[in-house]
Amino acid sequence: MYSKTAKTEPARLPVFITAVVIRLALFQSTLISSALQHRPELVSPQTSFRSLLEGVYLRRLGYDPYDGGTFVHPPDYLGFFSLFGRHLPVIAPYVWILLDIVGALALVEIWTTRSGHHSLSKGRESLVAALYLFNPYTIATCVALTTTSVDNSLLLLTIALAAQKRAIPASLLFALSSRTAAYPICLLPALAMLVTPSCKGASVGRSAAILLVACGGSFLSSTSLSQSGMLCYWKSIDADSSVGLPFLTPNVGMWWYFFTEMFDHFRHFFLGVFQFHCVIYVIPVCIRLRHDPLLAIAILLSIFATWKSYPTLGDMNVPAGLLACFPEVLTELKHPLFSLTVYAYTFILLPLLHSLWLVRGTGNANFFYAATMVHGLNSSLAIVDVLGASIRTGAKARLVLPAVDLEDDKPDSRKGEMQLVQLLSAVDP
Amino acid sequence: MLLSSLILTLITPTRVRCSGHQDVPPDAFHESLTLHPLPDGKLSVLFEFTTHFSSPFLSSELTRSHHSLTPPSLLLPLGQNDVAELTVSFTSGQWDRRRSGQAGPLAYDAGGGGGEVRGWIKDYGSMEELAGSDSGRQKLINRNDRRRTAITHALGGLFCAGLGPSEEGEVAGTFGAIFPPHGKLQNYTHFFLPRPTETLCTENLTPFLSLLPSKGLSGLSSLLAQPGIIFSWGFKTEGIEVIMPMDGQQGQWRGWWEGVVDLIPVKGRRDRAFSISRLFHKTLPRPFVEADSSIMRLILPAEKMSVKPSGEVRREWVDGQLTEVMEWDLLDPTITGEDVTFTWDGEGEFQYPWTFHTPPMSVSRTATDLVAQDGTFLIRVENHAETERRTIYSELWPQWVKPWLHEISLYAEDESKARPDLLTNLEYHPAYPPRGSTTTLHFHLTVPAHSVLLLRIPFTKLTLKYTEHRPDAERGREIPSGILTLLDVVGEDASSQTDTSSIPVGHVDPRWSGRKRIYTSRLLLDVPTPDFSMPYNVIIMSCTVMAVFFGLMQGTLTRRVGFVEVPMELAPSLELKVDDTSVEIAVEGLKT
Chain U
3 MYSKTAKTEP ARLPVFITAV VIRLALFQST LISSALQHRP ELVSPQTSFR SLLEGVYLRR
63 LGYDPYDGGT FVHPPDYLGF FSLFGRHLPV IAPYVWILLD IVGALALVEI WTTRSGHHSL
123 SKGRESLVAA LYLFNPYTIA TCVALTTTSV DNSLLLLTIA LAAQKRAIPA SLLFALSSRT
183 AAYPICLLPA LAMLVTPSCK GASVGRSAAI LLVACGGSFL SSTSLSQSGM LCYWKSIDAD
243 SSVGLPFLTP NVGMWWYFFT EMFDHFRHFF LGVFQFHCVI YVIPVCIRLR HDPLLAIAIL
303 LSIFATWKSY PTLGDMNVPA GLLACFPEVL TELKHPLFSL TVYAYTFILL PLLHSLWLVR
363 GTGNANFFYA ATMVHGLNSS LAIVDVLGAS IRTGAKARLV LPAVDLEDDK PDSRKGEMQL
423 VQLLSAVDP
Chain R
1183 MLLSSLILTL ITPTRVRCSG HQDVPPDAFH ESLTLHPLPD GKLSVLFEFT THFSSPFLSS
1243 ELTRSHHSLT PPSLLLPLGQ NDVAELTVSF TSGQWDRRRS GQAGPLAYDA GGGGGEVRGW
1303 IKDYGSMEEL AGSDSGRQKL INRNDRRRTA ITHALGGLFC AGLGPSEEGE VAGTFGAIFP
1363 PHGKLQNYTH FFLPRPTETL CTENLTPFLS LLPSKGLSGL SSLLAQPGII FSWGFKTEGI
1423 EVIMPMDGQQ GQWRGWWEGV VDLIPVKGRR DRAFSISRLF HKTLPRPFVE ADSSIMRLIL
1483 PAEKMSVKPS GEVRREWVDG QLTEVMEWDL LDPTITGEDV TFTWDGEGEF QYPWTFHTPP
1543 MSVSRTATDL VAQDGTFLIR VENHAETERR TIYSELWPQW VKPWLHEISL YAEDESKARP
1603 DLLTNLEYHP AYPPRGSTTT LHFHLTVPAH SVLLLRIPFT KLTLKYTEHR PDAERGREIP
1663 SGILTLLDVV GEDASSQTDT SSIPVGHVDP RWSGRKRIYT SRLLLDVPTP DFSMPYNVII
1723 MSCTVMAVFF GLMQGTLTRR VGFVEVPMEL APSLELKVDD TSVEIAVEGL KT
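Going down the list, the sequences are from chains U and R.
The C-terminal residue of the first sequence carries number 431 in the working numbering, and the numbering is unbroken.
The C-terminal residue of the second sequence carries number 1774 in the working numbering, and the numbering is unbroken.
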């Protein structure tokens, strides 16, 4: 298991302390924390803290929490948070802050693994941690006490362990994070590529098999537990809203209004189309970015964050944090300022238009839907930008220039210079 | 000779029939009209028609049933579908609890606002049977559901109202303790279906009258058969209650019709005095020939009234208060065709009272803190009596209202801290959204004397699909009334009480009441609506974004990236010349 021996780097500690202080200060203000806990941009039915409390309470009363439709969290969270019992609302802020710190440590570990242990990279560690911890979406998701923070920390730990080529701990944590959310299971090929060591005997298939066995084992063990009545796992699959979309609560995704306005005849078809669209990018991205599986994971996570059934603004935290570990990709981005500006624009518009529709009643649902479209389109363009930049970076890294004779320092001994272009014909990997 | 022998053959079977079944008591029909003046210048008028009957199959040797006073259109479907008890009620208007001083109408079985169907039906468990559907294909459905559907369709056809569930699973089965059966029933299950959107109109009155043996032509039903007068009243409720004969006991079916009349005329002197002819534009009608009893009653208020011609005065418990009741026997031929006048002694112009006596027990419900999709139900239970009351408060919600149980709080109004000790039990039957079903909550409350309890239930409204909205979706949707069941009432039959003559008239003892349930009003909840004109546009726009993303991704993923060598003359280049002392940067190739 990942050991949290944080090296007492003088540059990292102030970042962590400041992050903790900011979060604690925001938790003290009940106005801000209760307002954020009810925002649909941050909170979906799957991640709401209110329904987590409700599920824990119903379990304590002896009812089945999955019956009423108020609770659709995975049973792992039900079991874990039931341990706190009545004190959950009091302890939760500290648990969430701790999880944020753990996620940041995992991210720093990813960075150090990737960049090697140079002295240059150490200075950047605090920057990576700061970019993750001071991301306004990360802070908002933490203060809103949504389980997105828990999912994100689990994901980051999984990726960190996989980046360190520790197959067994990575697969255990991967099994856990694929049980708590529906979409991380699609990261299996990319994680398998990441976890495979580059020595001769290892193969991607073997790593994939380990991950798959871990997931299968965890599912089987939970069903056996459900026979004994401890975990109502099959009920939760039935209640699992990711696949069947039973709740049409407004959120920042592309699904809810589409399926609200749809006639029942086409519902199953379009559910299939949307789910298929979400997972269709896994194999092509993994093939195209097989030189850098970590980048593939970042891009796939951002695709899931945009196109999944109940996205929130907090789902982009992990891809944004991972991007900080790729400075060479960031320099190749074509329109980073545009993407950031539109993110800031939708950050303001989404809550404004939501309240105009549902609180004031002077607008209608189309306003909020339009803001959702802008957010989704912007995320899509940003994803394509990052993908293009990573391909160009990969091409540049593989470029082998003809040998230059150093003694011959005539300035125009080169015939020409190299420019990176994109050809119009299909790739032949 | 031939004719007399024919007559003989006709008479003989009847004689044989009568002699063979002499132990079957004959059907009996009773009707009554109760007038109850209310403190704020209004009058509550209650018609009740009760028929006692034996099983229709007993009084005939033939296999077909024989109905003399009972309506076959009502009883045959009930018998075929093994229904033991059934109550249907329609209520329109709001009962003003404060101004009338009563917790509800005199018809104790009237439901909350809108329509209500409830009853006890035989429980077949999960037995399934084949049922033909409209398309002709037979499918297996649960036997209970099939019988319930058959009953609600038959009743709906009878009352010209949509009495069936509008979606699957809307019928609630957890109200058996709230509406206990009158007799001993085994293997019977309770079903309860409130329809808060129903109204009461002439289409419901006409079939009601046709169910009566007097059919609105004679007896008290002729007073009722004037829809122009009846439907100008304020609060109205109509209903039937059927108890089928069982185990040799006679059955009973009872129909009631109650309305609240405003006695103060719109123009002219504000005089409360009224008479039968002013109320109904008719004098007392000739009685129905088959009626066993036909009674008119006036519940005398606290103020002195003078009535001409007067009737017999008795003391009775009416809804927890010992009052004097004046009765007239309308079968008496001397009163047929007469007009009865009622005046208040010494009252010229009516003055609306400044204060009202609230009933000993009352309940009201509102929705507060309505923000977007969340809200809080606030239920006020008031107990002004001297004793502590044990009650059950029940709520029934459609599947799109989800309560947050961990946030429920119970307060006494004048205290600031919560009183969870007053909630002795909580039954929670959740719904299974998005499948149609209902959420029911039963709170077992103990209400202390002279106290007001506040029960707060936060809830969330789910967003509904396009096809689940009503055609006028912006109106909102109604949820049924909440029901407060009083567990410690013993009824109004004072024969078991030792001595009523010592108790003064007007004494209030809440236990001597037949009112077991008090209803709140319906609530209209705003449901967040999408724009209904947008299906095409939404599909187009969302799919466009998806296609843009897919296209860009496919282009990026499938195009080859490579390096080409560009000749130096055509490309501007940056050359770095390192010198000993300075660094020169020369830019070449910019002349073009």
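Mixed in with the good hints there might be a few duds.
[As the list claims (entries may be wrong)] Dumping the calculated EDC-like pairs for lysine to aspartate or glutamate here, alpha-carbon to alpha-carbon at most 20 Å: (1) R:Lys1490 to R:Asp1551; (2) R:Lys1647 to U:Asp266; (3) U:Lys398 to R:Glu1747.
Keep in mind the hints are simulated off the structure, nothing from the lab.
Structure-inconsistent hints, enumerated in ascending order:
1
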